[in-house]
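These protein sequence lines map, in sequence, to chains A and B. Sequential numbering of the first sequence, starting at 164, is according to the working numbering. Sequential numbering of the second sequence, starting at 164, is according to the working numbering.
It is worth saying that the hints were derived from the structure and are not from the lab. One or more hints might be untrue.
You can't tell identical chains apart in this list, so a pair holds if it fits in one copy or across any two.
Lysine to aspartate or glutamate pairs mimicking DMTMM-like chemistry, simulated, CA-CA at most 25 Å apart [unchecked claim]:
(1) Lys295 to Glu579
(2) Lys296 to Glu475
(3) Lys507 to Asp627
(4) Lys360 to Asp322
(5) Lys1008 to Glu900
(6) Lys345 to Glu359
(7) Lys876 to Asp686
(8) Lys942 to Asp1020
(9) Lys1008 to Glu882
(10) Lys371 to Asp316
(11) Lys939 to Glu780
(12) Lys878 to Glu639
(13) Lys758 to Glu248
(14) Lys917 to Glu780
(15) Lys518 to Glu861
(16) Lys1016 to Glu985
(17) Lys1096 to Asp430
(18) Lys855 to Glu882
(19) Lys939 to Glu399
(20) Lys954 to Glu446
(21) Lys1045 to Asp1030
Chain by chain, the residues:
2 protein chains.
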Amino acid sequence: MITTTATKTQKVYFFGKGRAEGSGALRDLLGGKGAGLAEMTNSGVAVPAGFTITTEMCDQFYKNDRRFPAGLEDEVNSNVAKLEEAMGMRLGDENNPLLVSVRSGARESMPGMMDTILNLGINDRVVAALIKKTGNPRFAWDSYRRFIQMFSDVAMDVDKHLFERALTEAKYAIAGRAGKDKKDVKDTDLTAEELEKLVGEYKAIYKKARGEDFPQEPKAQLWAAIKAVFNSWNNERAIIYRQKYNIKGLLGTAVNVQAMVFGNMGDSSATGVCFSRNPASGENKFYGEFLLNAQGEDVVAGIRTPQKISLEASREWARQNDISEADRRAKYPSLEELMPETYKQLLSYKIMLEKHYRAMQDMEFTIQENKLYMLQTRNGKRTGFAAVRCACEMLKEGLIDEPTAVSRVQPDQLNELLRPVFDRADRDAAAQAGRVLARGLNAGPGAACGRVYFSAPEAIEAADKNKEKVVLVRIETTPEDIKGMLVAEGILTALGGATSHAAVVARQLGTVCVAGCGALNIDYANKLMTVGGRTIRQGDYISVDGFTGEVFAGQIKTRPSEILQVLREKSLAPEKSALYRQYKTIMDAAAKLKKLGVRANADQPDQAADALIFGAEGIGLCRTEHMFFGGDRIKAVREMILSENAEGRQKALAKLLPMQVEDFTGLFRAMSGLPVTIRLLDPPLHEFLPSKELEIEELANEMGATVEQLNFKIKQLHEFNPMLGHRGCRLGITYPEIFNMQVEAIIKAAAALKKSGQDVIPEIMIPLVGHIQELKILKDNAIAVIQRALKETGVELTYKIGTMIEVPRAAMTADEIAVEAEFFSFGTNDLTQMACGFSRDDSGKFLPEYVAKGIYDRDPFQTLDQDGVGRMMRYAIEHGRKVRPDLKIGICGEHGGDPDTVQFCHKIGLNYVSCSPFRVPLAILAAAHAALKK
Amino acid sequence: MITTTATKTQKVYFFGKGRAEGSGALRDLLGGKGAGLAEMTNSGVAVPAGFTITTEMCDQFYKNDRRFPAGLEDEVNSNVAKLEEAMGMRLGDENNPLLVSVRSGARESMPGMMDTILNLGINDRVVAALIKKTGNPRFAWDSYRRFIQMFSDVAMDVDKHLFERALTEAKYAIAGRAGKDKKDVKDTDLTAEELEKLVGEYKAIYKKARGEDFPQEPKAQLWAAIKAVFNSWNNERAIIYRQKYNIKGLLGTAVNVQAMVFGNMGDSSATGVCFSRNPASGENKFYGEFLLNAQGEDVVAGIRTPQKISLEASREWARQNDISEADRRAKYPSLEELMPETYKQLLSYKIMLEKHYRAMQDMEFTIQENKLYMLQTRNGKRTGFAAVRCACEMLKEGLIDEPTAVSRVQPDQLNELLRPVFDRADRDAAAQAGRVLARGLNAGPGAACGRVYFSAPEAIEAADKNKEKVVLVRIETTPEDIKGMLVAEGILTALGGATSHAAVVARQLGTVCVAGCGALNIDYANKLMTVGGRTIRQGDYISVDGFTGEVFAGQIKTRPSEILQVLREKSLAPEKSALYRQYKTIMDAAAKLKKLGVRANADQPDQAADALIFGAEGIGLCRTEHMFFGGDRIKAVREMILSENAEGRQKALAKLLPMQVEDFTGLFRAMSGLPVTIRLLDPPLHEFLPSKELEIEELANEMGATVEQLNFKIKQLHEFNPMLGHRGCRLGITYPEIFNMQVEAIIKAAAALKKSGQDVIPEIMIPLVGHIQELKILKDNAIAVIQRALKETGVELTYKIGTMIEVPRAAMTADEIAVEAEFFSFGTNDLTQMACGFSRDDSGKFLPEYVAKGIYDRDPFQTLDQDGVGRMMRYAIEHGRKVRPDLKIGICGEHGGDPDTVQFCHKIGLNYVSCSPFRVPLAILAAAHAALKK
């Protein structure tokens, strides 16, 4: 092959006629686009011919004070000749003119940063030739017009606004004539004659600006364009882009000069897009659309109805759209019928390219006068269902190996597979019927349909007594709403972001949730909400799409995830579900590949069971405060809080002790021998007290206290910044009896199970530690309680005592804290709040704007801020392990289920991530990806 | 001298009879106490003789498995013999028994950590000898009783509670007989007979516990005591103490065995304490008290009235207490009169020791049967006034050099010199009359007296219209109270700590403040407060002592600081104020010595003037939000906040612009050419809106809005954690027009002054930056505004744009931020809040307990948490300077005026600290101390 013998001093690489001098391996030299074009050409696909000027030439161009390197002109000229020969057309030819595109392309993709010129080669004579050839004067003049503007702006530095003004004026003239509103006139309303006139004006603008006629000579156009592309390598936005994405060590950009082909040269021409497999279902069937005598943009524009490529798909489509076979054949025939030979060739290209790239391909093609050209091929975007199916089937076909199959499914795509979904047709019908009420944040994926209830107690009653399906709608949720959230099919809130209480709990429960839907006007008093001009009353049906964030009026049919039917409901046999088998194939392979441990955040035995189903290797975070709301617990908790002294607190805690023992027993039993990390009480005490007048009154009655006393206590507990207040280990320091009770319950539960023969590995986690002395005091307290409890029960038990790292000071003094801590668990929610100084509850006021302005690439509460918070984590890991080399380090909190964060955790050497049960498969897959990346 | 020839193998060092084998230079070997005793002996002072067993012996004791090193016994025995000879007494002698103390003493002082045994050598026979010698059986039996308890506990591991129980029972028996309440019986109520009986019981307790008689042999007692002291080197509390204070590399403790002397052996014996200069005023006059026939503790106990040492002081004292000269001579003669020879000797010791230590000495002495012994000398504690006067006079006397003089004044002591003070006599009278109402936190030093007002407007009216002196009393203060605080003599609040709004502003204004005085029950509605059973109504006088935190009912006379009379009021000529001249001597010397820059936090020209008076080298922090409350500004600010769009905001900001120009002009003019760092708007907007119903109503009327609209806006702006909310640069990002207006005002003010010939160095500081992109966007905005403004004014100007480092993320990414920031200023208040995760406003609920439990040594809002926050600062400095080696770094915020923090700032290489004007001298002095430490 020429490729291998090409020397480095070769300045230009040709591709065309089934052969390319370059290849995919020469990315450094030819840039991404040039290498791709070469690769496609070499794989036997017909690609419009062209050539690539190497990145080395760009480098020398700059070293040479922005002059072309010696010898380049000769090589370009000889390649132009080769190109003309390959295409059977000539630049500037008055019968069969060759037009070319001139495009940049560096090793790393820098979309939109550098310049491109299309239709180069057009001039006053060529435009006439084009008209003659295409019979489409509008197309020809429009191409000319566009070329003048693009070339003048990019290569000749003529202000493009001058051209835009002329275009606008032409459109205004039409509006005047037609009596239309100015805003309603489109570019496409301009006729061929009007465009021809505009070209004349454009040329005048050029002449005025540059003091010379618009260049008619194609070669002169070409050299100016090449120079413009080289220059664009160092334009300001390209430099900033490279800084921002830390792109370094590149020589420069290559320049790709490629023949233009046209699908609009009459009925022997066409243009289309196709996928090698179905991008929605993944089914291995050729899938695509085309238009006869059209340009690529027409397919996308939706003015004409695109036709199907294969006969089978065409018939299927007609059936769905109630079109008779006769009509179909007459108006919407398939490419297979219209151009059987070309179809066959396209089919063979599809097979060839999929084999070559070993992935489902998304291809663009143009047929110019019966000749098929492939313009582009790339790995196709696909749904989660398609991704899993393609990966499994290609694995079975022997096209790819297991690691590749795993790498072909994006972790987030698993979400789709696990959640109930709306019946597609029913959903589309609802949308078309105008039943979309609003759109919020897609905080908990899945589809839910039920009757609206605006309070937890009413939701519970409706669900429990009346067996209704319920959607709980709240302005925002609080821990008191937990029971209502548990019974709800879906949760909808007006306030709060992706890490609001509603969103966090919904993810943990696997409940559908749309949060922060600001358009809702909720009126608790009258039990209704108004939204988009409609009023929804308590008991009305709504449907909530947690995939998209959309909220619909009325009912939409839902279907449960097949995977859950197999794993949890056991209502479906594994062999009956292809989806389950595909899912299992990918997940088994991922579990084998990953190095990082994956645990789940779970507070209840049923959550723990879910975690196990999904492959969790332990519990990384049990939030004990959730347990404090169940049953009579909240009463005892409030009694404890309202006590004036340690004795009173101890009395109330004595009531809680057996309940907590029961809680932990359930959890340990469910996890049968896997490690369970239990975090001692974290939130500030005021979260357990009611805030509403009526509830305060009730509680006062219950407690035998006056409303004034209760209000006084509530006021006493009020904090200006509760996030930074009296909570976590600070409670343990000031009220040691609370933590002591919890530790006693943990150990008593573990000891009893151990006695009964079950293995238990409790890990006690102390929250919000900022100073080693806090941990030391609380660890000493805990050990005293543990030793007493073990002595009482007569059981030997292995346990660990560790800490959350969520206060920046703890991260900075990790070397001190590791002396006492047997494990670290990064609480990245709070760590992000404190490190970045954002209150999660308030950041909605500016964070969206921050993300929009690119200050943060993504919401740092969803994907870990690796540059800032991540740097702090690295510091803590390094200093912690310096003192305790075998320190076990994990992460709990919402980030633990975010795929990018999981990959980061792998990279910085964590031992495990912990996330909500439904995100465990995502984390496993992300961990496998991370392991594959090295 | 023996000292120099002593080899390292010498195990015991003798001191006595005017000569010591050791010296002050042998601290490593003899420990601090042993070296001090040797030094004092060698300087010619009579010290009870004794010997020191070296720290090497302790080391060998441990290496030798807790056995005494070979040869030690011989050396100790020969030193005991020397000691007996020197004192003319013998251990266990039945006529003239020698008693000794056995004390620990390592190189570094570890107060209370190791063991001490007194009165060793006493036994059944010796106690009889003591009775005979002293004629005081009670003293003898009490000494024996104490020795048994101390020796048994420390050396023999007998539970000391056993002895305490016996003592308690003896006291209860007395109570029963005397019909007294148990609690009212004191140790001193026990008679000689009762003590003798108790000694019997003590011996029985010992025998029961140890199975043998209490050791009667003095040598056996001695060896047990030496062993106990060695053992105490590694007791738990000593180990923890060394860990805590990072004391490393010590061999062990030395053991000091020293003859006991007694001042209670009749009327030829006495005991006393004295200072080489007056510890209150610093005057160079011998000052001290003594008691005849008494023990050291009697002088302190206050049962008998101590007599003065010098005749002059004695006469002065009698005059003050209305005692006739005859009475005085009869009942309270001076030592000078009673024992003229001994007095002369004491006088000569005083001179000798002060010369030797070159510092004011605090000495303890005992006269045993006409022989004077110095027991201890140390540098004396003294008031700020005394510290400055002593340092200056010793400098003039040639006793010390300038650096030493500077090092002899503690920065905090300057506070006393600068603040108004209460007339001492008047204050004492008020205290004795029971007028102390309560005690709060001494948040702003000084003395203030005035009429109580409970609201800022009323305070202003009283001060402005009625020219009353006013004390503003509030539950807590907010920025809206600023004007009231400005007119007040003193500020008193019921809530809030040392960094509450009241405390911070008071320090900045130099106003007297007592904060967090929880005993106040303030009733705004009825304009009164109740405290300690009294009711204080609006208009009543109170007096507030910001030095001590005490609050008095009624008036107490105040005096302004002389230094301010000279510097600010110009009402006193410098040559008329000795205090001012002393202050200036010290401050001039400190300013020469220091390396660290010192700036002030100031928002107003008069504050800037104060800053200059005190030696500030620039303004390190101008908080522009304070300016927003003045005059009509708040109206425009509120209009801006209530605007619905950028246009509305801009209209309101246009009104603010000329006001801000005026603000900055005043500040720049006052600082005439010194750098002025201006922080752009920092607090969240809701701080500028009223919170009370009535005020909201008023504002609504003013703004032409409804109360509902206003309440809605206030609710919209409400934040759960305002500390972490929408403030600082986040406002600048979302409302760029606010920052732009401020930048324009800064530059216009600076440019106008520059035009008029004055040099101006504006430094624009962007607050709350956490991410480089924030700074970049805001810096670009600012530069655009600046260039426009400079073009308009046609002036060239040097300016800097930098950032606060107060968000942990900023500290962690300092290397990125330093690319854009021309300076850093650590905002350690917020950095502490976020790094430690404490809300300053809420931490009162647990931080006091944290400090009490030693989790933090000190309140991290008062003294910088060097281990945590400080480590983050070091990280930021290191990484910031890596990118920009000449990065100017400072600290603003409350810590900048804390002496320990200033020293830390010097150590970590900051360029300057900035603090409130009244703390500038403290910071200068602290910076000088830091420079001297190297």
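Now for the hints, and whether the structure bears them out:
1. Within a single copy, Lys295 and Glu579 get their C-alpha atoms no closer than 52 Å, and across copies no closer than 100 Å, so neither meets the 25 Å cut-off.
2. In this homomeric assembly, Lys296 and Glu475 never come within 25 Å of each other (Cα to Cα): the closest approach is 34 Å inside a single copy and 126 Å across copies.
3. Taking the closest pair of Cα atoms, Lys507 and Asp627 never come within 25 Å of each other, the shortest separation being 61 Å inside a single copy and 98 Å across copies.
4. Taking the shortest Cα distances, Lys360 and Asp322 sit within 25 Å of each other inside one copy (20 Å), while across copies they are farther apart (112 Å).
5. For the identical chains of this complex, Lys1008 and Glu900 are inter-copy neighbours only, at 17 Å across copies versus 39 Å inside a copy, given an alpha-carbon limit of 25 Å.
6. In this assembly of identical chains, Lys345 and Glu359 lie within 25 Å of each other by CA distance solely inside one copy; the values are 21 Å within and 117 Å between copies.
7. For the homomeric pair Lys876 and Asp686, the shortest alpha-carbon distance between copies (19 Å) is at most 25 Å, but the shortest distance inside one copy (29 Å) is not.
8. Taking CA atoms no more than 25 Å apart as the test, Lys942 paired with Asp1020 passes between copies only; the shortest distance there is 20 Å, against 39 Å inside one copy.
9. Taking the shortest Cα distances, Lys1008 and Glu882 sit within 25 Å of each other both inside one copy (21 Å) and across copies (10 Å).
10. For a Cα distance limit of 25 Å, the shortest separation of Lys371 from Asp316 inside one copy, 14 Å, qualifies, whereas the shortest one across copies, 107 Å, does not.
11. For a Cα distance limit of 25 Å, the shortest separation of Lys939 from Glu780 qualifies neither inside one copy, at 29 Å, nor across copies, at 44 Å.
12. Proximity of Lys878 and Glu639 under a CA criterion of 25 Å is satisfied in both settings, with 22 Å inside one chain copy and 15 Å between copies.
13. In this homomeric assembly, Lys758 and Glu248 never come within 25 Å of each other (Cα to Cα): the closest approach is 55 Å inside a single copy and 79 Å across copies.
14. Proximity of Lys917 and Glu780 under a CA criterion of 25 Å is satisfied intra-copy only: 19 Å inside one chain copy versus 70 Å between copies.
15. With identical chains, the CA atoms of Lys518 and Glu861 are never at most 25 Å apart, being 71 Å at best within one copy and 77 Å at best between copies.
16. For a Cα distance limit of 25 Å, the shortest separation of Lys1016 from Glu985 across copies, 23 Å, qualifies, whereas the shortest one inside one copy, 42 Å, does not.
17. With identical chains, the CA atoms of Lys1096 and Asp430 are never at most 25 Å apart, being 48 Å at best within one copy and 92 Å at best between copies.
18. In this assembly of identical chains, the alpha carbons of Lys855 and Glu882 lie at most 25 Å apart whether taken from the same copy (17 Å) or from different copies (19 Å).
19. In this assembly of identical chains, the alpha carbons of Lys939 and Glu399 lie at most 25 Å apart only when taken from different copies (15 Å versus 54 Å within one copy).
20. Taking identical chains as interchangeable, the C-alpha atoms of Lys954 and Glu446 are never at most 25 Å apart, the minima being 63 Å within one chain and 67 Å between chains.
21. Taking identical chains as interchangeable, the C-alpha atoms of Lys1045 and Asp1030 lie at most 25 Å apart whether they share a chain (22 Å) or sit on different chains (18 Å).
Violated hints, in rising order: 1, 2, 3, 11, 13, 15, 17 and 20; the structure is consistent with all others.
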